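Participant: Dock chain H against the given chain P, drawing on the hints supplied.
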Amino acid sequence: AQSVTQLGSHVSVSEGALVLLRCNYSSSVPPYLFWYVQYPNQGLQLLLKYTTGATLVKGINGFEAEFKKSETSFHLTKPSAHMSDAAEYFCAVSFSGSARQLTFGSGTQLTVLP
Amino acid sequence: NAGVTQTPKFRVLKTGQSMTLLCAQDMNHEYMYWYRQDPGMGLRLIHYSVGEGTTAKGEVPDGYNVSRLKKQNFLLGLESAAPSQTSVYFCASSSLAGGPYNEQFFGPGTRLTVL
Chain P
1014 AQSVTQLGSH VSVSEGALVL LRCNYSSSVP PYLFWYVQYP NQGLQLLLKY
1064 TTGATLVKGI NGFEAEFKKS ETSFHLTKPS AHMSDAAEYF CAVSFSGSAR
1114 QLTFGSGTQL TVLP
Chain H
10 NAGVTQTPKF RVLKTGQSMT LLCAQDMNHE YMYWYRQDPG MGLRLIHYSV
60 GEGTTAKGEV PDGYNVSRLK KQNFLLGLES AAPSQTSVYF CASSSLAGGP
110 YNEQFFGPGT RLTVL
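Chain order of the listed sequences is P and H. Numbering-wise (the working numbering), the first sequence opens with residue 1014 and increments by one. Numbering-wise (the working numbering), the second sequence opens with residue 10 and increments by one.
Isolated chain P, as found in the complex (with noise of 0.2 Å):
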């Protein structure tokens, strides 16, 4: 069965800052690997996803995700965080045949300090 393991359910950066959210997935098939952001009181929307062929991703809002096979991981950066990611960051993972089930890892409460 796969699974989604986010290291750190709280990160705090300094405005300017790196932000660098983990993201490791268990899998015994090539998984799509998705990164999703809930703002306070809405629903998830998609920040970037890995299908096939270039292993780093780029997405909106200058956040990017690198793909390593070798490491099983997906990790979330954007070089300058800005007040306004402020925000929950759910990893998830799909497989082919799986009628797009996804399955989402536990979170990421991303805080941004002035």
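FYI, nobody ran anything at the bench for these hints, they're computed from the structure. Some hints could be false.
[Claimed, not checked] Listed next, with one range per pair, are the computed distances between beta-carbon atoms:
hint, chain 1, residue 1, chain 2, residue 2, range
1, H, Thr29, P, Glu1084, 42 to 48 Å
2, P, Gly1029, H, Ala91, 45 to 51 Å
3, H, Gly25, P, Ala1067, 52 to 58 Å
Quick caveat: nothing in here was measured; it's all calculated off a predicted structure. For each residue, glycine too, the CB sits at the ideal point set by N, CA and C.
Facilitator: Only chain H this time, still in chain P's reference frame:
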């Protein structure tokens, strides 16, 4: 184009009461999903549907039932609510076209409290 909408936004129930949550999407998506979100646990799939008239169990289906009589609507029912069902419920939809990596579009959520 409203996307995915959920009704109601908030609800308080007493133990043993029943209710139905309504999800509607206007994107002509084939796939629809119900998740619950609990602190520190991410989102967990309750039930899903791959088309009108079909439903399937997800990770945490006990205590819930669903129906998809129309393509655009997906209903989640609680027959006898329990305090353990206090949660935020999200509906999502995605398109059949493309591949299994299609984006899921989420509604704004329903916050349910069971006393």
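Participant: Each hint should be assessed against the structure and marked as holding or not.
Facilitator: Evaluation of the provided hints:
Separation of Thr29/H from Glu1084/P is about 44 Å and conforms to the stated range, judged on CB atoms against 42 to 48 Å. For the hinted restraint 45 to 51 Å between Gly1029/P and Ala91/H, the CB-CB distance of approximately 47 Å keeps it satisfied. One distance hint, 52 to 58 Å for the beta-carbon pair Gly25/H and Ala1067/P, holds here, with the actual separation near 53 Å.
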